[in-house]
Each structure stands twice: as C-alpha cells, then as structure tokens.
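K.L.:
Please put together the full structure from these sequences, using the hints given.
Given next are the chains, with one letter for each unit.
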Amino acid sequence: SQQGEEDPQALSIQEGENATMNCSYKTSINNLQWYRQNSGRGLVHLILIRSNEREKHSGRLRVTLDTSKKSSSLLITASRAADTASYFCAAPRPDNQAGTALIFGKGTTLSVSS
Amino acid sequence: SAVISQKPSRDICQRGTSLTIQCQVDSQVTMMFWYRQQPGQSLTLIATANQGSEATYESGFVIDKFPISRPNLTFSTLTVSNMSPEDSSIYLCSVEKTSGGDTQYFGPGTRLTVL
Chain A
1 SQQGEEDPQA
11 LSIQEGENAT
21 MNCSYKTSIN
31 NLQWYRQNSG
41 RGLVHLILIR
51 SNEREKHSGR
61 LRVTLDTSKK
71 SSSLLITASR
81 AADTASYFCA
91 APRPDNQAGT
101 ALIFGKGTTL
111 SVSS
Chain B
115 SAVISQKPSR
125 DICQRGTSLT
135 IQCQVDSQVT
145 MMFWYRQQPG
155 QSLTLIATAN
165 QGSEATYESG
175 FVIDKFPISR
185 PNLTFSTLTV
195 SNMSPEDSSI
205 YLCSVEKTSG
215 GDTQYFGPGT
225 RLTVL
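Residue numbers (our numbering), protein chains in the order written: chain A, 1 to 114; chain B, 115 to 229.
Wrong hints could be hidden among the right ones.
[Claimed, not checked] In silico negatives: residues of chain A with every beta carbon more than 10 Å from chain B: (1) 7; (2) 22; (3) 24; (4) 33; (5) 41; (6) 81; (7) 83; (8) 85; (9) 93; (10) 113.
[Said to hold, decoys possible] So the derived label-pair ranges between C-beta atoms look like this: (11) B:168 <-> A:9: 35 to 41 Å; (12) A:53 <-> B:164: 29 to 35 Å; (13) A:54 <-> B:155: 29 to 35 Å; (14) B:153 <-> A:18: 29 to 35 Å; (15) B:174 <-> A:40: 20 to 26 Å; (16) A:10 <-> B:130: 36 to 42 Å; (17) A:59 <-> B:117: 28 to 34 Å; (18) B:155 <-> A:51: 25 to 31 Å; (19) A:69 <-> B:155: 23 to 29 Å; (20) A:53 <-> B:123: 33 to 39 Å; (21) A:52 <-> B:125: 39 to 45 Å; (22) A:28 <-> B:211: 21 to 27 Å; (23) A:7 <-> B:152: 16 to 22 Å; (24) B:126 <-> A:64: 38 to 44 Å.
[To be verified] In silico SDA-like links for lysine to any residue, alpha-carbon gap of 20 Å or less: (25) B:211 <-> A:49; (26) B:211 <-> A:50; (27) B:121 <-> B:181.
Honestly, the hints are just simulated from the structure, not real lab data. Bear in mind the structure is a predicted one, so any value in this text is a computation, not a measurement. Just so you know, even glycine gets a beta-carbon here, dropped at the ideal spot from N, CA and C.
P.N.:
This is the structure we're talking about:
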C-alpha cells in the first residue's frame with residue numbers, strides 16, 4: 001500500500017523561481033524523508049524530518065511537516081537547471097514488519113529551464 | 115552517512131538467465147533493503163536482507179525468483195532468476211545504520227534490461 005503521495009506529478013519552472021512539492025501520507029509516522037533522483041540513477045538523500053519537527057532547512061531546501069494534516073512539503077528556492085530531477089517522499093512502513101523499510105510516493109518530476 | 119556501491123551498474127541479459135547484483139557498504143550497518151524501480155515508476159520494496167538468516171520478502175516477491183544473501187554487516191547480493199522482459203528495472207539497495215527512524219541511504223542502482 002502506498003504511504004506517500006506527491007503532488008504535483010510534474011512541475012516546470014524557470015531558473016531562479018521557487019519550486020514547491022507536496023506529499024501526503026496515510027498513517028502516523030515518526031519521520032519522513034525526501035530524496036532526489038537524477039535521470040534514473042540512485043537516490044540522493046535530501047532531508048529527514050521527524051514527527052516532532054515542524055520545519056527543517058538544508059541550504060536552498062526547506063521541508064515542513066504537518067502531522068495533523070498528514071502532509072509535508074519540500075521547497076527549493078532559487079532553483080537551478082541542476083535541480084532538474086525527480087523528487088520522492090518516503091515514510092516508514094506502518095506495520096514495522098520489516099524494520100523501517102520505506103514506502104515511496106510516486107514522485108514529482110521537476111524541470112528547471114534556463 | 116554511508117557510501118554504497120553496486121555491481122554491475124547496468125547489464126543487458128537474455129530471458130531465462132539469472133543475474134546477481136552485489137551491494138557493498140563502507141561501514142557496518144544494521145538494516146539492508148532491496149528495492150525495484152520499474153520504468154517510469156516509483157520504488158517498491160522487494161525484501162529486507164537479514165544478516166545470517168533468510169530475507170524477509172514483501173507481498174508479490176518470492177525467494178525462488180529473488181534469492182538474497184547477506185553474509186555480513188557490509189555486503190548483500192540480490193539475484194534475479196529466470197529473467198523475463200518484465201524484470202527490466204533499476205534495482206537499488208539501501209542501508210540504515212541503526213534500526214528505527216534513521217536516515218536510509220541508497221546505492222547508485224543497477225539498471226537491468228532483459229531482452
């Protein structure tokens with residue numbers, strides 16, 4: 001079953017603009033992670049935000065978490081062409097049968113043009 | 115963090131054959147996982163690789179098709195057996211240093227094409 005669901009599915013912006021991606025999940029979680037994937041390569045870990053955190057920053061990235069709405073957002077400020085990639089949110093399996101295996105959303109494909 | 119390598123990075127195989135993918139981590143980790151990413155799709159968990167015991171498979175994945183080994187805390191293999199074109203995917207291993215809410219790191223993936 002799917003835990004994370006991103007929207008939009010695709011986003012096209014100009015360099016310098018901000019990009020916001022949203023993720024909704026279904027069950028209570030103790031953390032949520034965001035990843036980036038360039039052209040079908042491996043996943044790069046961006047940020048982990050815990051359930052007791054509301055906002056977290058890393059460089060040009062800002063992640064928020066609203067546990068009451070079961071949603072998270074990833075904001076990329078002052079985007080660059082190099083930010084072109086697919087972005088995924090991932091949350092732990094709700095049943096913990098496999099430790100902390102992750103359930104991934106479908107992802108948002110971001111295209112930044114110069 | 116953890117540095118993860120996978121071999122091979124890509125391969126093109128004939129149907130009916132098998133391919134073994136290796137995952138090596140630069141430090142001991144508690145948890146290792148294998149995921150599959152079919153073309154244009156998100157990641158789906160195949161199994162949790164357990165050190166010294168049989169892997170724990172997700173619904174829809176079976177040991178005969180995807181045998182997994184994990185002989186120690188830094189290494190695991192995934193075999194894709196009796197391949198068909200539907201097995202064409204990117205296969206990724208991931209690790210978590212501790213169990214329970216830690217950052218999960220991914221390898222670079224193995225891009226498999228089955229003809």
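K.L.:
Next step is simple, just say for each hint if it's right about the structure.
P.N.:
Against the structure, the hints:
Residue 7 of chain A, annotated as away from the interface, keeps every beta carbon of chain B farther than 10 Å; the closest lies near 13 Å. Under the 10 Å C-beta cut-off, the non-interface status given to residue 22 of chain A relative to chain B holds; the minimum distance is some 16 Å. Distance check for residue 24 of chain A against chain B: the nearest CB is about 14 Å away, which clears 10 Å, and the non-interface claim stands. Residue 33 of chain A, annotated as away from the interface, has a beta carbon of chain B within 10 Å; the closest lies near 7 Å.
A Cβ of chain B approaches the Cβ of residue 41 of chain A within 10 Å, the least distance being about 6 Å, so the stated non-interface status is violated. Interface exclusion of residue 81 of chain A from chain B stands, the closest Cβ pair being 22 Å apart, more than 10 Å. Remark: the non-interface label on residue 83 of chain A is consistent with the geometry, its nearest Cβ contact in chain B lying 19 Å away (cut-off 10 Å). No beta-carbon of chain B comes within 10 Å of the beta-carbon of residue 85 of chain A; the shortest separation is about 14 Å.
Residue placement check: residue 93 of chain A does not keep its beta carbon more than 10 Å from all beta carbons of chain B (closest about 8 Å). Interface exclusion of residue 113 of chain A from chain B stands, the closest Cβ pair being 21 Å apart, more than 10 Å. Checked against the hint of 35 to 41 Å, the pair residue 168 of chain B and residue 9 of chain A passes, with Cβ atoms roughly 37 Å apart. At roughly 31 Å, the beta carbons of residue 53 of chain A and residue 164 of chain B sit within the given window of 29 to 35 Å.
For the hinted restraint 29 to 35 Å between residue 54 of chain A and residue 155 of chain B, the CB-CB distance of approximately 31 Å keeps it satisfied. For the pair residue 153 of chain B and residue 18 of chain A, the supplied restraint of 29 to 35 Å holds, since their beta-carbon distance comes to about 30 Å. Checking the proposed 20 to 26 Å range against residue 174 of chain B and residue 40 of chain A shows it holds: the Cβ atoms sit about 22 Å from each other. Roughly 37 Å separates the CB atoms of residue 10 of chain A and residue 130 of chain B, a value that falls within the hinted 36 to 42 Å.
Under the hint 28 to 34 Å, the C-beta atoms of residue 59 of chain A and residue 117 of chain B, about 21 Å apart, miss the expected range. Separated by about 28 Å at the C-beta atoms, residue 155 of chain B and residue 51 of chain A satisfy the suggested range of 25 to 31 Å. The beta-carbon spacing between residue 69 of chain A and residue 155 of chain B, approximately 26 Å, falls within the hinted interval of 23 to 29 Å. Separation of residue 53 of chain A from residue 123 of chain B is about 36 Å and conforms to the stated range, judged on CB atoms against 33 to 39 Å.
Between residue 52 of chain A and residue 125 of chain B the C-beta distance comes to about 44 Å, which sits within the given range of 39 to 45 Å. In this structure the supplied range 21 to 27 Å holds for residue 28 of chain A paired with residue 211 of chain B, their Cβ-Cβ distance being about 24 Å. Range check, residue 7 of chain A to residue 152 of chain B: Cβ separation about 21 Å, and the 16 to 22 Å hint holds. Taking the beta carbon of each, residue 126 of chain B and residue 64 of chain A are about 43 Å apart, inside 38 to 44 Å as hinted.
A threshold of 20 Å between alpha carbons decides the hint, and for residue 211 of chain B with residue 49 of chain A the separation of about 17 Å falls inside it, so the pair holds. With a C-alpha separation of about 17 Å, the suggested pair residue 211 of chain B and residue 50 of chain A falls inside the 20 Å cut-off, and the hint holds. A threshold of 20 Å between alpha carbons decides the hint, and for residue 121 of chain B with residue 181 of chain B the separation of about 16 Å falls inside it, so the pair holds.
When held up to the earlier numbered hints, the structure conflicts with 4, 5, 9, 17 and fits the remainder.
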